[in-house]
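Engineer: Place chain P on chain D using the hints.
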Amino acid sequence: MTAEPTAPQNDPAAAVLKRAHALTADYGTAPVKAWKEKNQGGLAIGHMPIYTPRVLLEAIGVLPVAIYGAGDKDIIRGDSYFQSYICHIPRSTIELGLTGMLDSLDGMIFPAICDVIRNLSGMWQMLFPKKWAAYLDLPQNFRPEVGGRFYKLELKRMARELHERGAKALSDEGLRAAIKDENLRRVALDKLAALRSDASWRVPASEAYLVTRAGGAIRAREHAALVEEYVAAANKRSGQPKDNVRVVLVGSFCEQPPFGLIKSLERAGCDIISDDLQLGIDYMEGAIDEKGDPLDALVDAFLHKGKATASRYIGEGRKGAALLDQVKRAKADGVIFAAASFCDPALLDQPMLETACEGAGIPFTSFKYAENTGQFQVIREQAGAFSDAVRLWESAA
Amino acid sequence: MSLVTIGNKGLKGAPPAGAEGSAVTVPVTKDASQQRQKRMIAEHFDRLSTAKEDGKKVAYTFVPGNLTELMGAFEMLPVLPEINALQSGMRGKSGAYISEAERGGHSEDVCSYVKCDIGMLRTGNVGPTGKVLPKPDLLLLSYTGCFTFMKWFELLKEEYNCPVVMLHVPYQADGIITPEMRQYVVDQLKSDVIPQMEQITGKKLNLDKLSEQLARSRRAEDALVKVWESAKNKPSPIDGYFGGVYYIGPIFSAFRGSEDAVAYYEELLAEVNERIKDGEGPMTPAGVMNNQKYRLVVEGPPSWTHFNEFWNMFSNEGAIAVASTYTRVGGLYDQGFRHDPQDPLGTLADYCLGCYTNRSLPSRIDLLEKYIKQYSADGFLINSVKSCNSFSAGQLMILRELEKRTGVPGAFVESDLVDPRYFGKANIENRLQSYLQMLEARKSGALAAATAEKPFVIGSNP
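Same order as they appear, the protein sequences are chains D and P. For the first sequence, the residue numbers in my numbering are 1 to 397. For the second sequence, the residue numbers in my numbering are 1001 to 1462.
One or more hints might be untrue.
[Unchecked claim] Here are the computed lysine-lysine pairs in the DSS-like style, where the Cα-Cα straight-line distance is at most 27 Å:
no.	chain 1	residue 1	chain 2	residue 2
1	D	K130	P	K1057
2	P	K1404	D	K130
3	D	K307	P	K1157
4	P	K1190	D	K156
5	D	K319	P	K1370
6	P	K1404	D	K328
7	P	K1190	D	K319
8	D	K305	P	K1370
9	D	K305	P	K1190
10	D	K131	P	K1404
11	D	K191	D	K307
12	D	K168	D	K156
13	P	K1057	D	K319
14	P	K1157	D	K368
15	P	K1190	D	K152
16	D	K319	D	K291
17	D	K319	P	K1135
If you are wondering where the hints come from, they were derived from the structure by calculation, not from laboratory data. Quantities reported herein were computed from a predicted structural model and do not represent experimental measurements.
If we strip away everything but chain D, and leave its shape as in the complex, we get (with noise of 0.2 Å):
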């Protein structure tokens, strides 16, 4: 991420805005070096950036560590890893770990995503073989007695792993109080999410997309501690709702799109009061249980209440379901989708959503990008064809 939060300085969010742009620096690992000065012996472990298990880590006194690829980064080693036809998220971290710039973490941990962040796993076995990495599955089959029972062992399998190189043990204690810190972030997040929905002419997607992507590299009571300080500061701003359209943006997002993409969405006429960027840190709908077992709490979240993505499989109810309830909810006009390149995931999930948009009359366009793409004219100008055919379209109804 190398855009600067452009808020004057004036602007009563400026300086929470600074430290988040300051958090998400050197590709995300910024916070790693002072944390592990704090925390003699902590160890700091990377994960891809789709649903990977934070709390447990933080309840064994991990630090996890988002990361997200190199962004526009010049990519000299990593391509000669993949085919063309692959996309860029992989080389793009591939280059990352051999250009030393991931050598304050002490291992990886690739949740299961696609194919291509699979194999990626054993590519990193093979390359940094004296880190740990860990490919984590994610169970498809979600009852408690049959996925839960194999997720939990999978956690068990991470915690003790980690604890024979230097983690705590997994305790009931730690995962507590480490679910309390996450649902204080959920609760930062869903304020967030209210504020975009209520008032999105103060919290532009862009800085949204900031202040929580900042969250990746610190703790969750920490980020929530960010996100609310944002909430608060963004609160005070005056302005006026602008004649945008109010959109979702969907794209089951693992590679990231260019913070000027987001930007050119807004410029281009959007608002966008509702995506799914995040799905790192921002899984969940609702609150873990802070009751009962912390470790069938935690699976049982996974389970019920991870969001619809398209890494999960939706074996119950019409595809697009989850889609049609963000976009009420969200009050949303139309839907962006934007996938990565070569993204099979998310373009093999498309066609479903848009049957299901199709179905509930609900506009939407669509478009492709890389983390990497420099030039945004062409999407700005779809965006802005698209807003202005939503509110067309609006008028005339």
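Structural biologist: Chain P only, in chain D's frame:
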């Protein structure tokens, strides 16, 4: 894989079942095993065409991790969309099907099997024998080694509005099957898959019947392994890639667990043994291949739209595939796995967990290394297909690592499964010829010194 064998009595490369109108020359005479396989396939598609009238239930499912014996125990008839897609590729129909799917909003970036299947469905769902395929009563989603399978059946669910049962098979990320992984699969069979099949067929699972099927699978697997291992002979009596995809037809699809499959593999083995005795190579599109100059191991699926052209590029140059990984996607029997009739559900779990694409990248490299050494290969070729990230992501690392470990040079070509737009004949042919020339020079010693420390690489070299 395809569903028709090629025998040594054929004149040219055999077309797949129902490939009427194909440009490929039809064999005049066929080996007995080939005739048997053709008959088996025709009968299977006949059964499918009358399934509804006959009261038979139809399950669509995938090749890796297929539960054929379990379906057999319920007398369900399997349809394998991957096989339909590759047959469409070989029959020259996939391009139009893919276009149809892309017109419907499917991205050019994604798996061409999926798009071919969707296109075929939307244009009447006519199968390889020219008969309309029945709609599924169940989509049996064996989610093994390929993420796209999950999306594929979500898409088909939209089209057919029929029940889907998911069997999530954990990935062997650390190259081992843990008791937890095995238990998870068994639990799903008990809690989801079997109850769903019982509900659809109205029958209770008969474990004895399942065990009988598994016992027959084991016999067929024993014979198939001997066929694979015959390629250690010089000359090799089989082609382990192009010819191999014909050999796997019955065992990877509708026939594992049947008497037909046992008879087919025993017959095939007898024919192969006969060729060993006679010092004869396999039939290829260029004729019987006795002059085997280069022994290659192949990684990755074939390009089905140009199958014979691709094969010709090898056989014309005297290159024979002695082993391949694609022919192991439906089971790694040559690494010791056999279905165990004494433990019906556990053995199904082991089978699903053990498929080639469910193995970690380091395990895949280990296996390829073993093949290169055990089959005395002169080189190896990676056919990297655009459609299949499960295979393709990481193949450049496989190339590098194998060269480092074995000192055997590798070649790297790119194509696609069934999208004809991605087969660059001249480019692939040039690469292959250059590669084989290099192997020739190496053999003659001219390059031996030069490549002793740094193997010659065709393809991407970091």
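Engineer: Hint by hint, say whether it matches the structure.
Structural biologist: A quick look at each hint next to the structure:
no., hint, in the structure
1, K130/D with K1057/P, "violated, 52 Å"
2, K1404/P with K130/D, "holds, 20 Å"
3, K307/D with K1157/P, "holds, 20 Å"
4, K1190/P with K156/D, "holds, 24 Å"
5, K319/D with K1370/P, "violated, 44 Å"
6, K1404/P with K328/D, "violated, 56 Å"
7, K1190/P with K319/D, "holds, 26 Å"
8, K305/D with K1370/P, "violated, 45 Å"
9, K305/D with K1190/P, "holds, 25 Å"
10, K131/D with K1404/P, "holds, 22 Å"
11, K191/D with K307/D, "holds, 18 Å"
12, K168/D with K156/D, "holds, 13 Å"
13, K1057/P with K319/D, "holds, 25 Å"
14, K1157/P with K368/D, "holds, 26 Å"
15, K1190/P with K152/D, "holds, 19 Å"
16, K319/D with K291/D, "violated, 32 Å"
17, K319/D with K1135/P, "holds, 20 Å"
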